[in-house]
Structure formats: structure tokens, C-alpha cells
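Participant: Sequence:
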Amino acid sequence: METKGFRLTFNCSESSENCEISLLIGSDFYWSLTHRIKRLDSSLVAVETSLGWSLQGKCDEQSDCTSVHLIHSEEESISAELRRFWEIESLGIRDNDSVSLGNGDEEILSEFDKSVCFVDGRYRVSLPWKPGMREVLQNNKTVARKRFEGLVRRFKCDHELFCEYKDVIDNYVREGIVERTSCDSLSDSQGFYLPHHAVIRSDKTTSRLRIVFDGSAHEDGHSSLNQSLYTGPNLHPNMLELLLRFRKNPVAFTADVKSAFLQIELDLRDREFTRFFWTDNLNNNPYVLNFTRVLFGLRPSPYLLAATLKHHFKKYKEQYPHTFDLLNSSIYVDDFICGRNDVPDALRTTLECLQIFSDASMLLRKWRTNSKQLDLLWQQEGVETEFSETSATDLKPPIKVLGLAWDSEKDLIYFDPNDLLKFMSRKTESKRFILSVVGRIFDPIGILGPFVIKLKCLLQDLWTLGVDWDSELPPKLRHKWQQWSSEAEGLTEIKIPRFYLGDVDQELSSVDIHCFSDASKSAYGTILYLRFVTCNNKIETSFICSKSRVAPLKSLTLPRLELTAALLSARLAKQVSSCLKFNANIYYWTDSLISYYWICGDSSAFKPYIKNRVQEIQLLSDPSQWGHCPGKDNPADLISRGTSAVKLAQNELWWHGPPWLKLAPDHWPNRQRDILDSELCSEELEYRSSVHVAVTQQRESLVDINRFSSLKKLLKVTAWVFRFVNNARIVNKSMNFYITADEIQNAEYFWLKYVQYEFYSAEILTLKRNEQLRCSSEIKSLVPYLGEDNLLRITGRLLEADLCFGEKHPVILPRHCKFTELLVIREHERIGHCGVSATLTQLRKNYWIPKGRQLVKTIIRICLICKKYNAKPADQLSGQLPRDRITQSPPFQIVGIDFTGAILVKDNQETHKSYVSLFTCAVTRAVHLELVSDMSTKCFLLALRRFLARRGNCKVIYSDNARTFKAAEKELVYFANILKDSEFQNFVADKGIHWKFIVERAPWWGGFYERLVKTIKDPLRKILGKALLMFEELSTILSEVEVIVNHRPLTYVENDPGEPEPLTPAHFLELGYGDSKYPIHFIELIDATTARESYKKRKTYRTLLLKQLWRRWKEQYLLQLKTVNHFKTPSVHKNLKLNDIVLVEGNVKSKLLWELGIIKKIFIGRDNNVRSCLVKTSKGLFKKPIQLLYPLELE
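FYI, the numbering for the sequence shown is 1 to 1195, going by UniProt numbering.
Hints are computed from structural coordinates only; laboratory data are not their basis.
Please note that the accuracy of each hint is not assured.
As the list claims (entries may be wrong) - Using 27 angstroms as the maximum straight-line C-alpha spacing, the simulated BS3-like pairs for lysine-lysine come out as follows:
id, residue 1, residue 2
1, Lys1134, Lys868
2, Lys310, Lys114
3, Lys1183, Lys872
4, Lys495, Lys422
5, Lys955, Lys996
6, Lys1160, Lys1137
Said to hold, decoys possible - Have a look at the derived ranges for each label pair, beta carbon to beta carbon:
id, residue 1, residue 2, range
7, Asn585, Asn612, 25 to 33 angstroms
8, Lys753, Leu798, 18 to 26 angstroms
9, Asp468, Tyr30, 28 to 36 angstroms
Glycine is no exception: its CB is placed at the ideal position from the N, C-alpha and C atoms.
Just need the whole structure built from these sequences, with the hints factored in.
Facilitator: Right, here's the structure in full:
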């Protein structure tokens, strides 16, 4: 291309792979960078850009395989990291640091003790199921299969990964950790399928690839396996205490349990819930494996491991008592962290631990120690160390001990910042990124306290300013972050000796613990040192641990923060001393005179904040242990102010404490407690007032407001009481038999003052003294004042408005008060039961109620008139179609009967009304029409007889409960006897007619025949028009309409002429009422053989035709009924109950004129839902459908 005059922007050799994309250019900027375009051949184009020529066109086909194996929420990941960070930061200083078992945990442990067993040299445990979850857990097969298919696609792109993955699975199979699930097990049980994926750990010397099984995966709407299991109690020792003990002994050693979870067998019943897909050949279908052991990825796995180990250790309590205690306090999940005073003791402990774990088919491996002598003894005993293959002279790289790096060669511990610095190299500046950095800092003993506190304060500023997750940091915070991140490289210099005593090998004469605390406006904290004196009076100090906290957002005075730091110091010292068990003297130091005097003083004399903290400090320590030190000698000052990592590494004050710690106590700061400066403490002293109370027996009110439901009646009764009192005082006063408006107004004024004094007495007294209301007062924001009438009113901002006095300064009334409720009811009734806004507007013309809108809503909700007016009918899900409606039967076996409206016919010169009786087949939807001259019982029975004579006897008749039909029912007994005579025996299929009436005024209950009434009326109206016919003419037209309606299609009419014609009711009517029109013995009476055979063939043909019709009826008509969506979905689906108060719909439209009723009996449908009720009203008992009942929810 260069020879053709094209200078390419990037020279990429033909053999190289596709280059990584460096920059994506949007279409809005693309054309501003490009110029000329030249076509080189059919598939290649050269485009001139500002940077040179670029080639564009079709590339060789490549198989790019992208697969997403695991989707996770970054916010959740960050939240988990932050939670872990703050939990570690709080170790040793929380009130509830000692974990105690709850009732639920004790039950889980009890179930474990019952189920754990030792089988063939290995422990077998059961999963801790939540009650009832095993039975309802869905198998998750679809999710697991899709995830595995994505994993296979990844394998096809990365064959090396597949080989590593396969090696792990093959090893699992060889060791019996997993087994192939049999076909019988797959079909007999539900089980649960686990997705899985690979985690590559480059920092591990062994087990670089770990397969993680996702027990939290689940299908939408179903629970996961982890959600179905208890997590179990936390049986692990405190991490801070474990690290503190690790530094106690001169000989330290660590190990871990090889594949700890996989050494514990699962109960046989639980194995089906650990299935997963696998394949040995990527081109074959996968098969199913299941675990036989406890696997990594289940929520209760750490608990099951810890519980199994503790159960196993109990066996050796008598045999190895020292090792038993050591194991219970030195195993964290699968890590063993321990220390001993000498090498022989360490070797003995090692061998005993190996034996104990071996008895449980577990292997302690990767042993590591700071003692070369112990390391050689291990090699002689065949102990598997972490670097067994390396020579003794080779340097051994550091290892991680609960997250901290341990250089066993130099016996130093430190925080390894390499991963943190690598992550920070992205140079991202956002809140999300800073939170991710915080989550990567692991410093449980506070080595980096003064440096990390700067990041904590930055974190607090981010939240205070409300910075968005991915927004650019404000300039001030960005500068702080850039400064902190640039200083982070100095973390590589910070290392401390693991062993507290360092190189001291002499016997100790005394051990002290010195605790320093300090605070600033931004942070506070504490630091602890070990001070030990040898037998030759050599004094050394050693850093133990530190803790830091950011100052709360609520502004506190500096002395209060100093006291809080002192409390932090007391809490941490208690845990450290109980953990190390040095029998040491504890000294506490603070550079705040005020907090020092508080601690030494009487806690009951101070305000609650000071009192509570001083009480706890005095409970954890004795005031004689406290002393005051100069601020320049306080190493905790570094925590409260922060410093860089480089300066921290070189700060002797931080690592060894003030210089005078290495001197005799006589040279320590003066610890005077006999001088108490009252001016320093006066601000926090609690001034006590003496209150003298005269207790009198409370009189009951003459007017009990709770007995009234109307304000009008309350005010009248109150006015009568006042009149009685006045008349009793004034003799010979003229009498008035009516209450005046002034008396009503005085009564209301009395209740307003009474209510305000009952609820706002403190505010009234405060305002009378011309003082400010307390912040806790609920009406302070209203700026109240006492008016000339001594009523609390709102000041408001409408003083200059053209409004009446009550609107500008409404009276304040409490919300939770009976009088206020009655007042709201009165105003609501005055404006004609209007809505919330109108009622509230009316109220606020004279009164103001805090949160008044909520109170008005509540009152209107219980207003009976409004409840009646707004009531809605009871609703119910549509019921299932009746069996009579969807069961195959001959035409007109199940019949519905109804009448049309009156039709005028002429007879000579007169006209009279006639009616059409409609007989509907519930199954075939065929109709039969009979014209009756009137609605009498006699005429109806004649019509019924004509119907039965033409259509055959029926089994069931449905009808409305009109009086005509009820009267007919009484005569059906005689009519049934007529039908049972011999002349009707060929037509009668059953032994009588079962007559069923639907509920009164519920025509939709008979929908299958009510719908056809409209179908009949439409052609009648069009045919008749305004014509007036004779009875016989109308009867003829009805017969023609009957034929038309019976030929209407029941199924879909196809557009293709080749499709069969749609099914109609006439198809069933024309084929007769059974398998044949003629009984089988009729054929035997025919003499001619050929005729007899012809009739038999005809009978067979008709039978097959009828069967085909019924098959089409099922497939095309019946099945389409299920697709028609007539099901309602009421917003509140609630069955009516006995004794419910309801409004019964009447004939008038106004709900206020309807009757109230109480439900005396309910009628349940086949779906256990209420369909109708027997209701008692003032007019008697009535059976009503629920659609005519309006529940009022009254008790």
C-alpha cells in the first residue's frame, strides 16, 4: 500500500490477529475526520482520515465466541465489600462483639447433633432445611442448562480452560466427591440443578482453578437452594482475637485443611439437590452428576464445616486437652493459625493435630512457620509443608494469614498493597471507584489507621455532598483523593514484627497495656501498646492494635468526642486483655482534661450523653487507671488527624508510643485526680430542679365527649349544663325554653379551650412566659401565638390579606382528639358530604389541624352516607361452566326456558298480546319456539307438552323464578305421570324432569338462554316491522325463524372453500336423538336380506356421522369456550361472610333509598367462592346474587 501512495495510519502485518480497539468514534464525528474515499477492489476501500489512510472492508471470517457465564450487580458487590470493611473496622469495639446463639441457632445445632454420623471413616451431615422448603423447591433445571450451554461455548473458545476444568471434575469423580446420577433417580425425584463456573486464582500455588457452584441461582418466581436453607450460626472465632493470639508466641505456624468442605459427606436424601450438568465431549449432550460431599457455594457450607470440626474435636478433649482448646480457638473456616512457646511444644501440637484431622479423613497441609528448627523437624516427620520441594536456603515468599501478609523468614506482618495499587492504576475518579478501593483494604488490627482514616473522612464527605455514583468529584474532594492515592505507594514500607516481644528472649517481670485515645472534629480513635519489663529491667514496647472512627455528622463538642474516643479505648482494651491473658496492668491515657475529669467524676451529675458514656467507661475500667498526657505525646493524635503512609512508616511515636513509656512510672505524666476544675465541667453538669406536686383526685367530666357522635348534640348538652350552673347561681332569672346561638357559641369556645389545654398545655405555658417553643413541639413550625381569646392560633403570612380574622389566624386543634373528629364531621355534613379537599377548605376557614388531610380522609372513609353512596357491588371471579353445559348429550336433554316480551296479534277486529316461549338446548345450542296466547299456567303447559312431543323428554329444565314457572312446577308431578305412560316410553330417557330455578333478579345466571332471546328478537323485528299479524301467521314466521337460528354457525367460518362447513345446531337435530331413528330389533323384522343389510350399513353410517359431529363439537366448539376470556379480575377479591352488613340493590337508582341488610346464609359455588346469599332486610328474607349486594364493611 505504501508503494501506491497510501500512508496507513497503522501497519498491521497480515499474520497478526485483529488489533485491540483503542477508540470508538461516533457517527456524529466520523465525517469530520474523513476526506477522500478510493475503492481498491470489490471488497476493499481506502478512506483518507486526518491521521492518514485507513483500510475498510470485509475481513476473513473469524469465529468470535462471546459468552456471559455470570451476571452480578456491581452495587451489590460494592455493598458487600463495604459491609465487610466496616465489620472488620468494628471488631473489638462493638457493644455486641461477643456472638451469642439465639433460639433459632440452638435448634439448628440440635438438629445437627441428631443427624451427624460417622460412616466409613468420614462424617456425614444433612443440609439445614427451612421448614417445608424441601418439598416445594423447584428443580432449576432450565437455568442450570442454559448456564452450562454458555459455559460450553466458552470452552470451545478456550480449550485450555476446558482441560483444566475437566481435570478437576475427573478428580472429583475419582475421589468419589461427585457421582453420576442414575436415570431412575432423575425420573423419581425433583432434585435441584446447580449452575457452575470457574474462578482463576493466580495468587494460589495450588488449586489455581476453583469451580464455584451457584446455590443462589433460581428461576423467576421460585426460591433458590440457598434461600431454602438456613445459614446456620457463626461458630468461627473472632478474627481480631485470632490475629492477636497469633502474635503472642515466639513460634508461630499455620496450615490449612485440604479441600475441607469436600471431606464431609452429604446425607443420601440431600444429594439429589446438588446436581449439575457436565460433559466429557463438547460435541455430546451433557449428563447429570451430583455431589456426595458438602460443596463450596452453598450458604450453610461454612457452618456445616465448623460444626463438624467442633463435633469431631470433642472426642479428643480428654486425650489431647491442650490441643483441644487450641483447635477450638485457632480454626477459621479451613485455616489453622497457631503459636507455641517453644519448638518441642509446637512439634507435639503439629503431630497431634495431624492425627486428629486424619481420623476424620482430613489432611492438614501447607504448613508454614517462622522457626527453621521446626521446619526441619517437620521434614523429618514427613509433614507436608507449603514449600516442601524448595531447599532450606531458598527464600520463601510471604503467605496470607486471614488477609494479612506474613513474611515467615523475617517474621513480619503487613498489609500487601500490590492488588490495591494495581486496581488503583485505573486512575478513575468517581464515588463508585473510591468505594471499591475502600472494600479492598483489609486491616483488622489497625496498622494503617492514620492513613486509612483520611479515606474514611473522604467517604463521609462524598455522602454528605450527595455525589452521584459515577459523577465527577468536586475539585476539593478530587484533590484529596489524588493526594491519598499518590501516597498509597508508601504502604509497601509499613511492616511490623509478628511477635510482640520481638528479639527479647528473657523472662518478663511485668507486663502492662497502655491505651491512648484522642479526637478531632473529623475523627477519633484509640491505640494500644504492650509494655513489658524483663528481669534485668530492660523495658520495651510493642504495637498491639488500633481502631478509628469518623466523627458523626451531628455536631458534637470536642470534649464529647474525646470522651467517645475514651469509651472506644476502654472497649478495645477489655477485649485485648481477655484475649491475650497476659495478666497485665492496664493504663488509659487521654490528652483532654475535660474528658479526664468526667471519667474521674460522678456520672450521675452529668447530662445523659456524658452520663451514659462515663457509666460504661467506669464499668469497664477503674478511674484510678486513667491519666492525662500531653497532646504531643499522644500517638492517637495521628488517628484523629491522619498522615501519609511514608510518614507513618517512619513514625516512632506510632509504633512504640511516647518515649516515657520506656521509663519508670515515676517519669510518667502526673496522674492527679484530686483537682477538679468546676469551670471545665460546668457546661455538662445536669442542673436539677425541685418540683412540688399537689396530687388531687381527678374528677370525672360532667360531659363525657366519647358518648357523642354529633357535635351539634354535644354543644347543646354543654349549653344546657352551663345554663343549669348559671341558674343555680342567679335566683329569679327569667327562664328561656330554647338554647340560644350565644350559648352554643360559648359551649364551642369552652371545648376549644379545654382541648387546647389538654394537648398543648406546655406550649401555652411557654408562650405565656414569652419563651421559644421546644424543637420537639409538633406545632412549632406553625409559629403559634395566644390570641386575645386565649386560644392558640397560627401567626401565618396573610396579615394584609382581605380575609376574615379566622381565615388569617385559624385556631390550632390536635389531630388525635374526639372533639376534632366531631368538628370535621360537622363541616363535612355542612357542605353536603363533599370530598376531602372541599371539607378541608371549609375547616381551614376557622381551624387548623396538623396533618388535617389525613384526618379528613379517615372521617370521610367512615361516614355512613358517603360509604353508602360510594359502595360498590360485591364481585367474584367468573365461575366454571356447569357440567350440564359441557357434557355430551342428545339435543334438548338439558333445556333452558324463557319468554320474550309481548307481541301484538290481531283476532278479527281486536288485538291482544301473545308471547314466544323459547326452549334452548344447553349443549347443542338449538332452539325451539312456541307461541302462547297468554302467560297462564294452562297455556304454558300446553306449549311444554308440544315441545316434549316434538323434541323428546328432557332431564333438566332451567328457568327464571317468575311466578308462572313456580306455578308450573307444582303441576309437573301430574304431568310427569302422563309422560311415564306406555305411549311415551320410547321418548322418555330418564324418569322425570328436574326443574331448577336461578336466583331472583340474576338473569346472567341463565345466560345460555337469555342470549338467544336477543338472537330471536333481531330477525323478528326485521321481518315484522310494523306489521300486525294473526296468531297463525305469527306462528308460521316463528317456525321459519327457528330454522334460521338453528342454522347459525357455532364454530369459525373458514375462508377456504375446501374446509368443512361450520358446525350448526341443525346438524344434531337432523341426525335424530340417538344413534339411530330406529331401534335395533326393527332391522331384524325385515324379511329381505338385502334390505336388512342396507339398513345395517345405513345405521353404521349414521352412527359414524354422529360420532364425527360430536368430535367436532368437542374440538371446535367446546374447546373454543376455554379461550374466550370472560373471567373478571376484581381489584379486591373478597368473599362475603355471615353477618356482613350490605346494601341491597333496589329498583330505584338512588343508593340512599336502598335497603340495608345482613347476610344470614351464604351459598358456595363449586370453586368454593360465594355466589349468592340469603339476606335479611326490614321486608323479610331474600336470596340475592352477590352482584346485587354492596358490602359496607361495618361491624
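Participant: For each hint, tell me whether it holds in the structure or not.
Facilitator: Structure-based check of all given hints:
| no. | hint | result |
| --- | --- | --- |
| 1 | Lys1134 x Lys868 | holds (18 angstroms) |
| 2 | Lys310 x Lys114 | holds (15 angstroms) |
| 3 | Lys1183 x Lys872 | holds (19 angstroms) |
| 4 | Lys495 x Lys422 | holds (20 angstroms) |
| 5 | Lys955 x Lys996 | holds (11 angstroms) |
| 6 | Lys1160 x Lys1137 | holds (9 angstroms) |
| 7 | Asn585 x Asn612: 25 to 33 angstroms | holds (27 angstroms) |
| 8 | Lys753 x Leu798: 18 to 26 angstroms | holds (24 angstroms) |
| 9 | Asp468 x Tyr30: 28 to 36 angstroms | holds (30 angstroms) |
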